[in-house]
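Enquirer: As given, the protein sequences belong to chains P and A, one line each in that order.
With the working numbering applied, the first sequence corresponds to residues 1 to 315, in that order.
With the working numbering applied, the second sequence corresponds to residues 1 to 370, in that order.
Please note that a few of the clues may not be correct.
Taking lysine-lysine and the BS3-like style, the derived pairs with C-alpha atoms no more than 27 Å apart in a straight line are [what the hints assert, rightly or not]: (1) P/Lys205 - A/Lys336; (2) P/Lys268 - A/Lys94; (3) A/Lys254 - P/Lys310; (4) P/Lys310 - A/Lys314; (5) A/Lys356 - P/Lys268.
Calculated directly from the structure, the hints in this document are not laboratory data.
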Amino acid sequence: MISTINAIRTEIAKVVVGQEKMIDGLLIGLLCEGHVLIEGIPGLAKTTTVKALSQTLGLGFKRVQFTPDLLPSDILGAEVYDPQNNGFKIKKGPIFTNLLLADEINRAPAKVQSALLEVMQEHQVTLGDESFKLARPFLVMATQNPIENEGVYPLPEAQLDRFMLKLRVGYNTTEEELSIARRIASATSEKIHAVVDAGELEKLKERVKSIHIDEEVERYMIALVQATRNPELFGLSEIKKYIQFGASPRVSIDLFKACRAVAFLRGKEFVTPSDIMSILKDIMRHRIVLSYEAEAENIDVDMLIEQIVKAVPIP
Amino acid sequence: MKLSLGKFLFVWILFVAHGWGAYQWRVLEAPARLLVGESGVVRYECVFDTSAADYTIDFKPAQSEGYNASILTQRDQIKEGKRVQTYDVLITPKQAGKIDVKLEALLRHTTFASIENATIGRDNVKKYDFDDEKVMLPLVKIDVNENTAGLIGNLTLEVRTDAKAVRAHEPLHLSIIVQGSGNLDRLIPYELNISGVKVFSQPPQKSFTASKDGFEGEVIQEFALVSRESYTIEPFSLRYFDTDKKRIVTLKSKSLYVEVGEGYEPSSLLDTPELSDWSTLARYSLYAALLIAGVVLGEGARRLWRLRPRRKVKQFWDEAKSPKELVMLLSLSGDKRYDEVIRILESGEVGIGDAKKRLNILINCQAESK
Numbered sequence: 001m002i003s004t005i006n007a008i009r010t011e012i013a014k015v016v017v018g019q020e021k022m023i024d025g026l027l028i029g030l031l032c033e034g035h036v037l038i039e040g041i042p043g044l045a046k047t048t049t050v051k052a053l054s055q056t057l058g059l060g061f062k063r064v065q066f067t068p069d070l071l072p073s074d075i076l077g078a079e080v081y082d083p084q085n086n087g088f089k090i091k092k093g094p095i096f097t098n099l100l101l102a103d104e105i106n107r108a109p110a111k112v113q114s115a116l117l118e119v120m121q122e123h124q125v126t127l128g129d130e131s132f133k134l135a136r137p138f139l140v141m142a143t144q145n146p147i148e149n150e151g152v153y154p155l156p157e158a159q160l161d162r163f164m165l166k167l168r169v170g171y172n173t174t175e176e177e178l179s180i181a182r183r184i185a186s187a188t189s190e191k192i193h194a195v196v197d198a199g200e201l202e203k204l205k206e207r208v209k210s211i212h213i214d215e216e217v218e219r220y221m222i223a224l225v226q227a228t229r230n231p232e233l234f235g236l237s238e239i240k241k242y243i244q245f246g247a248s249p250r251v252s253i254d255l256f257k258a259c260r261a262v263a264f265l266r267g268k269e270f271v272t273p274s275d276i277m278s279i280l281k282d283i284m285r286h287r288i289v290l291s292y293e294a295e296a297e298n299i300d301v302d303m304l305i306e307q308i309v310k311a312v313p314i315p
Numbered sequence: 001m002k003l004s005l006g007k008f009l010f011v012w013i014l015f016v017a018h019g020w021g022a023y024q025w026r027v028l029e030a031p032a033r034l035l036v037g038e039s040g041v042v043r044y045e046c047v048f049d050t051s052a053a054d055y056t057i058d059f060k061p062a063q064s065e066g067y068n069a070s071i072l073t074q075r076d077q078i079k080e081g082k083r084v085q086t087y088d089v090l091i092t093p094k095q096a097g098k099i100d101v102k103l104e105a106l107l108r109h110t111t112f113a114s115i116e117n118a119t120i121g122r123d124n125v126k127k128y129d130f131d132d133e134k135v136m137l138p139l140v141k142i143d144v145n146e147n148t149a150g151l152i153g154n155l156t157l158e159v160r161t162d163a164k165a166v167r168a169h170e171p172l173h174l175s176i177i178v179q180g181s182g183n184l185d186r187l188i189p190y191e192l193n194i195s196g197v198k199v200f201s202q203p204p205q206k207s208f209t210a211s212k213d214g215f216e217g218e219v220i221q222e223f224a225l226v227s228r229e230s231y232t233i234e235p236f237s238l239r240y241f242d243t244d245k246k247r248i249v250t251l252k253s254k255s256l257y258v259e260v261g262e263g264y265e266p267s268s269l270l271d272t273p274e275l276s277d278w279s280t281l282a283r284y285s286l287y288a289a290l291l292i293a294g295v296v297l298g299e300g301a302r303r304l305w306r307l308r309p310r311r312k313v314k315q316f317w318d319e320a321k322s323p324k325e326l327v328m329l330l331s332l333s334g335d336k337r338y339d340e341v342i343r344i345l346e347s348g349e350v351g352i353g354d355a356k357k358r359l360n361i362l363i364n365c366q367a368e369s370k
């Protein structure tokens, strides 16, 4: 099974140098059927990676560039008049696919974001008086650029909660950047082949579900989530003022799913605390609402998560 | 009486209107005879009735077929309350025969209107600043006799060399110097051709100024002669009309024999260090010792630098006191490079100390590869 994952990684590496954490995050999202939000400054191969992943899977892939004038019907589809039959017919939008890349999701207004995020949750679209189920798997990979403030519509916390992972993409290392520059300058990018089909993907998902989690580890996960809500119970009274709302139960659900996928990607049969810690920030960072004090004191969510991990006893 | 008064007034008006009587030109001195090429000074004087501040003289002697004319000196004086302007004009005949020196001058009289315009500061008036009047200077007649020598004056000839004997391919420098006064501008440069000798010549250096005899100063012509064999420089001659002796004189330099010896061997052109000399040996030994000492010191410094105690860079995992803590910190960093260390820590293959060593090696290897 892990050889299939390695084959996917090898195919993606044909066009993407480095960014292994982002690739692993996308694979976790894929294996857990969780949507992924990727945040990073322009030029870090966010879009390229998502496209490459879709090509390796041989699944349906569509890309929507979010712009301020985008309408919900541009994504979902609409009823259009058919003059030949003198009636209306359904024209499906790009949402009807397996993998949807929502590029620069924060450039579209709230009504478009809302329409998309609703579909992400319901896996169903209603056009006119007819409802349509979306194909399985259905995964939204959204990208957003954190450095611009003008002309963007930040996603509300309630909608952010629907993303399983929020991956932060950083710069490549020196060697990786050298390799990228050489590869682009010599124009020697290779063609990506589909190495997994829908059936194989389903098997992989089943395999992930079978990864064992010890009860102690399960309780450790729950403790971590609860520490975001009641930090004082874990001796973290000093950070309570920085947290307005802690992590929701959806975080616990996603953590249970994601840590299995992490263990699977590491070739293990069971989950250890290190698997939880390695994915914890990506799951929690967009779901903890910070207070004004935290913003005023320049406290980052990642810093608080680190404090919580250090405070909660490791099984 | 009335008629005489009228005539008188008419003559007076004409006299005043044309400036007659305001100035008067005359010749103070002039040569009666000259030879072709010989210069003589004609002194003209213009005497004004008053200080004549509003007069200027524009005098540029025109050239003629028979002679060249140029102003040698010019003086402006006040004598007994009158302005006197004197010009010494150098006349140099170009051909034999009788020549009439007829020169013109332009007398410019500042007008009343121009004075008024200048005083008031008008800037939109036409510029008629002067009333101009051409004046013919008194005629000078000169008898010009033929001069077969071409050159004339009082001249000397000198030939100098910087050596009498040279080695093959070594240049000998020769200077021909013609000094004195006369028509030095007419001196024809010497040409030097000696069989078997390579002659390098320079244009003559003329350093003379105008004088009553034409020009006064010197003309120097320099040559560099290079030969492989001995040679003789034939005498140089200078034929001119001597104005003191009143006859043609021919000056002649001495013939010069230049002995050319053997040329230098290429090896003899280099200074060979005299190693037998104790001071030279000592100096070279010192240089060698300094070089060796420098190399030894440099190597020593390099080794010391490598052995210096290096301050350990604090890593985030240093604070971990148990394997669990170390796993936690490494996992939180999200860096995939630590995955292997996390795995062996969790499996209990290594303790915290070994794991930290492995992490340090990992970081150092990557730093060195950069």
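Enquirer: The structure should be examined with respect to each hint, and the outcome stated for every one.
Expert: Against the structure, the hints come out as follows:
1. Restraint check: the Cα-Cα separation between lysine 205 of chain P and lysine 336 of chain A comes to about 23 Å, which is no more than 27 Å; the hinted pair holds.
2. A distance of roughly 122 Å separates the Cα atoms of lysine 268 of chain P and lysine 94 of chain A; the hinted pair therefore is violated under the 27 Å criterion.
3. Distance restraint check for lysine 254 of chain A and lysine 310 of chain P: the Cα-Cα separation of roughly 114 Å exceeds the 27 Å cut-off, and the hinted pair is therefore not satisfied.
4. With a C-alpha separation of about 19 Å, the suggested pair lysine 310 of chain P and lysine 314 of chain A falls inside the 27 Å cut-off, and the hint holds.
5. Of the pairs offered as hints, the one joining lysine 356 of chain A and lysine 268 of chain P holds, with about 23 Å between alpha carbons and a cut-off of 27 Å not exceeded.
Of the hints listed earlier, those the structure fails to meet are numbers 2 and 3, in rising order.
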